[in-house]
Structure formats: structure tokens, C-alpha cells
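Listed below are the residues making up each chain.
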Amino acid sequence: MSMFSKANKEALTSPLNLNNPVVVQVLGICSALAVTAQLEPAIVMGLSVTIITAFSNLIISLIRNSIPNRIRIIVQLVVVAALVTIVSQVLKAFAYDVSVQLSVYVGLIITNCILMGRLEAFAMMNKPWPSFLDGIGNGIGYAIILIIVGFFRELLGAGTLLGIQVVPQWCYDHGYVNNGMMTMPAMSLIIVGCVIWAHRAFNKDLQ
Amino acid sequence: MNALRKYFDKIKPNFEEGGKLHAFRSLYDGFDTFAFVPNTTAGLAGTHIHDAIDSKRIMSLVVIALVPALLFGMYNVGYQNALAAGQLENATFWGMFWFGFLAVLPKLIVSYVVGLGIEFTVAQWKNEEIQEGFLVSGIIIPMIVPVNTPLWMLAIAVAFSVIFAKEIFGGTGMNIFNVALITRAFLFFSYPSSMTGDDTVWVAQNAICGLGFDVPDTFSAATPLGEIAAGATSLSTSFCDQVIGLIPGSIGETSVIAIALGAILLLWTGVASWKTMLSVFIGGALTGWLYNAIGLSPLDACQHIVLGGFCFGAVFMATDPVTSARTEGGKWIYGFLIGFVAVTVRVLNPGYPEGMMLAILLMNLFAPLIDYCFVSRNISKRTKRLTSK
Amino acid sequence: MAKINTNSNVYTICYAAVMVVLVAFLLAFVSESLKDKQKANVDIDKKSQILASLNVRGLAKSDVEAKYNELIQETYVLTPDGQEIEGADAFDVDTKEIGDKFPIYLAKTADGEDAYVLPLKGRGLWGGLWGYVAVTLDCEKVLGAYFDHESETAGLGALIKEEKFQSQFIGRPVMADGKVALTVVKKGTSEAETQVDGVTGATLTSKGVGEMVLSGIQQYVDAICKGFEAALAQPQCDAEKCCEKPECVCADKKACACQDGNCGDEACNCASEDNCCAREACACKCVE
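Chains as they are written, first to last, in this note's numbering: chain A, 8 to 214; chain B, 1027 to 1415; chain C, 9 to 296.
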């Protein structure tokens, strides 16, 4: 079986669109609301989740035949928790500002349903390489949505993107005001809703 | 009237299937049925209530009931402007009124143009008739915002609430939340500095077309509730002014008397439920009295009811037939809880001097649950009656 | 190889044990090896906040450490009654502990003026506030300020974090009538130089900052400014000759008094600003 057989490609690309974990399976919404007030934490969160899903999928897939069935959820949790802790420590050491913004949400990746879902549904019954690809695909599928939401929330809520002012001062001088509601989690729920709306409008078979 | 009817009949063919203006048929239909009661009514088969008054007529009644408060609001805008400029003795009644009229009119226009524009577009797109719900929302919206709200903010907020609070739920009659209040909530949370506070949002500050006065920059006027939230123990306005409505506040909410006129009309015609209205007042009064008695609030029950948007909310928004509880018993509970929550938010949350908006929105959410409880209670009662025979 | 029964109890327990031990070691290793780096990050964050109060803003992270070392001369930690805690570093005092301990930084501002940086903590509308205020050595004038918050409303209360708000404090007098009067009031109602304009629309956050500044600095002044300089610089003065040095004050709440009531050609006044008792002709000592 080649590295990028049709099935493998499917594992990588389907979560990006038709099987997107956020807009189709509606998983991982909690963190999508919490960390998307700005683009940078959204990107970092997306990356972190991608790394953790990919490697936890890989590790679980590698040891899938040796895991005692009765404690398999606990084993999965331990693997995920260990990876999350490592990522959170690395962020604290090398990206302190972002880790402050993400605060508890890095730790809460453990509870992100996408992770456990992929472990149970895919990694436990597939070989390591497809599992790894599946993890990457789901992580990126999640990251894309976070980035879209983060883009709109930062642009409309703070007038900046990645911390750089994009709404010109001219607009503020003429009475433009940033939309404070965009910085609240409630608004990201509505934006996620709009993304789902647009996504379904383009993919008729999902309706 | 006849001429209008004839005109409608004349242009009708243009909008029918194959006519050159067929694309705008919903627009035509909307205006036609607004001006004239349609000849077709619900079919005789099935269970329908047959009444000469259709929902467009009900909406018109509410709009008429809102007019006193709107007119007084316009006058008060001018009055507050003159007061703040210290030119009260130089201002005439009509000068103040027309100033207020000019300040409020653009908001009214923006609200209707944006809201109805979206409604017409959606109706056209979905091949539906135009629904009439926005007639009332459109006039309420300018009345529940501060006079200094920029028009572009208002336009965004109206668009947001019509789309997200109404159309996505299925349009008029299907919305969970009161559309006008969602507009205000959107403004309140999105642009807090233009919506709350003790500063300059409540009083128009610049002369318009030679009417009114320019107010000095250093001036600031708080609503009575804003003063209390900022820690004052007594108010700078007299109780008499508060009842008449000569106090800073959202455009249409200040005058208890003007709102009472509207309330009489609504109750007399039976459009609004007296149970809901009364229970809101009871809830607010009891809660206000309680907080006052235990020393948490310097306002007594009476002032809690008179001040802020309490009356306006109780009369025009809590009684919205779409979003309020529909069971008779449920109305009591629904109304009471609105009064309770509104006063509780005012007293206990230092960040929000006014709680009426949040209270009504919260209870909108619970109205279906309240109804469900009452309906199932009735069902089980009747079952028992049946089985015990 | 015989297939192991992965469902047996023994296997399950062994598996769990081995896994837990492995993961524990791995995590301990990661945490240990990154610890210094993480601590450095937290410190740099705090240092850049302190520097902001000295009007040094927008530094690159790599420069913070050097600038901090350049500007901060010395740090002290005082107890509420003005005693210095020996060997304590103000930097190690957590914001939460302010009130029980009073950390003080002796520093120079960006313009080279001598300043004390006083860390403060308070409460805003939704959560905690903290800040650093740089004052002159006599606690009379503000040289700079920095405030931050946990969770104030974005666009309103959160504006206290902006330089625009903080720079209003620069140059303001701290004291009026012998008491700390520096505070924040509603915009447009400022009546004195000590009253700084609040953030429009954020009455309660502004009030929180005002109270934090007012009562916070007063606490420092109560605890310290009375015995400020002596307690810091020369904590042990000779009981007999304690007043000989201008920076000395008496310990144990005793007051300085001239013994013979005469300083050469002019009357002795221990309370006078130039501390006449310190002159050789005078003999002051601490009395009850």
C-alpha cells in the first residue's frame, strides 16, 4: 500500500471539508468559542490540536493491539493528557504571550471531543500511518474553522489582524467603533453558525 | 381611499405571473394588504378563527399605541438638549419638539428601511408573502435606544436582529426573542460606550438645522438609574419629572404618562394581555420593595417602576404575543419573573444599571417552558378528572 | 510467540502500571528541562510591566532584562509597620501578597529621575486589577503608571491597560493636605490636579483604579513614608545619636527631639525640613 493511496488521502482530506469535525460533526465547539477572540491564539490552538491529534492517533495506533480493552479509554486519556501537558509546557516556555491568552484552554484540549472521537473511531482500528494522517486532517479541519472565526472576530472586534492594525485610523476618526460583542464568546457561536450555514449552502448533500 | 384602491387594482397585473414587475410581487402584496384588508380569509375547512382583524391590523393598533410615547420622546429629546445647554428659558415648545423630531426621524427611517428591506428580500427569495412583524419592531427600535446612537450602528444592529433573531427562526411569529430587544442587546454589548454610562449618550448635543442648541463638551447627564449605579443615594430629578418623563433616557421610555395612554389602548382593544402587564408590575414592585426594605437599593418600589425602561418594557415588549407565554396561568409567572429579574439585575449587578432588556430576553427564553408546564399540568388534571369518574 | 491474553487482570494491571510510570517520567523530564525558560518568561512579563510604569514601553523581550537591570537600583520589602524584611527581593513578592508585604523598587525613570515603584492591587468591575505606580522619592509626584486587569469589559474597562489612560497620571501630585489624594474620577468632573479622568462609560472600573491608587499608595505612605528613608537606608541608628543623619528616623515609634532645644544660632526644630538636628551643634535623640 502506497503512502498516499486513495484511502489515505481520504483520511487526510475528508475532515477538511465534508467530514469537518467542527462544522459537520459539531465537535470541539467549546474551545472554538473560547480562544478565537484573536487570530494568533486561534492559530496556535489549531496547531496544538493538530499536533496532539496526530501524535495521539499515531501512538494509540501503534499500541492498539496491546491495549487491554477494559482500560482502553483510560490509556487513550493518559496518552492525550501527556501530549497536552507537553504542548502546554512548550508553549509556556517558547510562546509565553500566547499561552497566557490561551490560559486554561490548552489544558482543556484533553476534553476536546475531536481527540477522543478520532482515537476511538479511527486509531483503534487502523494502522499507524493512516491514523497519523487522519489526526493531521482532523486537526487542520478544526484549525481552519478556528482561523476563520478568529479572523472575523479580531478584524471586527479589535480592528487588527495578528495584532497589526488593519482598520485605518481614518475610520475611527469618522466615528467607526470596534464591535465589542465580537470579543465575547457569544458572537463566535453565531459566526460558527454562519460558517456552518455557508458550508451547507455549498454542499447540498449535507442538508 | 377609493383612489388608492383603484391604483392598487390598476398596477396589480404588473406583479402577477408573467407581469414585468413580477419580481416585486411580495412588495406589492405587502403594501396592498397593509392598506386594505384582504378579501381572502382562512378557508372554512379546518379550525380557523374568523375575525375581521388580521395580524396587520393588530400591528397597526400597536403602532398607534406607541405614538404618544414616540411624540413625547421627541419633545423630551429637545427638552433635554435645551436643559443641558442651559437655554431652557429661550426654548419654545415647538422648537424643542421639532428638534427632537429631526433627531429621531433618521433613526425611524433607518430602522424601517433596513428592517423592511431585509424582510422584503427574504420574502421574495423564499417566495413567501411579506410578513408584517417588522411594523411594530421598526417603530420600537428607535424608541429604546439613546438619542445619540449613530445611524450606522443602528443599521447594523437592525440587520443583525432581523436576520439572526427572526429570519433564521422562520420569520414573523416564529422568533424566540423579541426582535427589537435583540437590536438593543446587540448595540448594548457591541458598542457599550455608545449605549450606556453616565456620559453624553442620552442627550443630543448639537443643533440640527438651526433648531436646538449646542451643548458644551464638559456636560454630562446620567439616567436616574445610572446615577444610582454610580453610587448616588438620591436622584437629581424630581419624582414628578420622572413620571412625566422629562428625564434623560432612551427616546421613548421616559414618560410614564405617554406609555400609559398606549397601555390603555392596548388593553381596551384586547391586543395586549392585561395579565402579563399587571404581573410584570407586581413582580417589579414586590422585588423593588424587598430590596429597598433590606437596604440594597436606595430606590423604593414605586421609583423602580417609574424609572428606566420598566414601563415601556412591561407595556410594549413583555406583552409581545409571539415571544411571551401564551397559557393564561403562564402569563402570570412569565410577567412576574420579568419584573423580578429586571429589578434584581438593576440592584445586584453594578455593571448594568438597567435590567429590563435582559429580563425580557431571559424570560422570552423560558416562555415555552412555562407554557409546556402549564399545558402538561392541564392535561394531567383533565386526565384525572376523566379517569376518576 | 504465544499470544498474550490482553484481557487478563494481571496484564491490565501491569500495563497500567508501566504506562503510568513511563508517562510520569516523561512529563517530569519535560517539565524540569523547560522550567527555567518558563520562569524567565513570567519574569520578563512582570519586568516589562514595571518598566512600563517607568515610561519605558514597547521594548523587545530580549531587551527587557538589560533595561530592568539598568533602571532598577534596589528593591525592598517592608512589613505593614515599615520594617524592612531582610534579604527579601521585592520581585519575588506576588501581587496577591500586597497588603501583607509592601514591595518597593528604587529605580530611575526613562528620563533619569529617581523614583519608587509601588506595586498595587485592587478590584475592578468583574475581577482583579493590579498596577505599578512610580512616584518621586518624597512621594509627592507621579512619574508614571501602569495598570492591568483580569477581565474588565473589552472596549470600556479594558482601556485602563492602554497607554492613553495611564499617561494621564504622569506629573500629577500624589498628596493634598498631607494625605494621598491621587484618584480617578468620572470624566469631566475633575476638580483638582490629583483627580485623573476615568474611562468614558466604564465608571466602575475607573472607580476601582481610583480606589486602588488612593488606598494603595496611602498604605505605602502609612507604612513607609513616615519612616521611609531611614528604615530603608539606615535601619539601625544609634538610639542616642539617631537623628544625626538626615536619613535616620527613630525606631519603636519614638520621636526625634532636640536635647538642648538650641542649634547654635537658630532654634532647634526636629521636624523642620532641613533637619537642623543633624547639624553638629545640635544634639538630638530619640524620646518617647
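I should point out that these hints are in silico values taken from the structure, not numbers from a laboratory. Among the hints, erroneous ones may be present.
For the chain A half of the interface with chain B, some residues (derived, Cβ under 7 Å), not all of them [as the list claims (entries may be wrong)]:
| # | residue |
| --- | --- |
| 1 | A41 |
| 2 | V184 |
| 3 | N186 |
| 4 | P192 |
| 5 | L196 |
Note that the Cβ used here is the ideal one computed from N, Cα and C, for glycine as well.
### Query
Holds or violated: N186 of chain A as interface residue toward chain B, Cβ cutoff 7 Å?
The hint holds - N186 of chain A has a Cβ within 7 Å of chain B, the shortest such distance being about 4 Å.
### Proposed interface contact between V184 of chain A and chain B, which counts if any beta carbon pair is under 7 Å
holds, 5 Å
### Task
Mind checking the CB of L196 of chain A against every CB in chain B and telling me if the closest is under 7 Å?
violated, 11 Å
#### Entry: Restraint outcome when P192 of chain A is required to lie within 7 Å of chain B by C-beta distance
violated, 11 Å
### Query
Going by Cβ atoms only, is A41 of chain A closer than 7 Å to chain B?
violated, 17 Å
When the structure is compared with the earlier hints, violations turn up for hints 1, 4, 5 and for no others.
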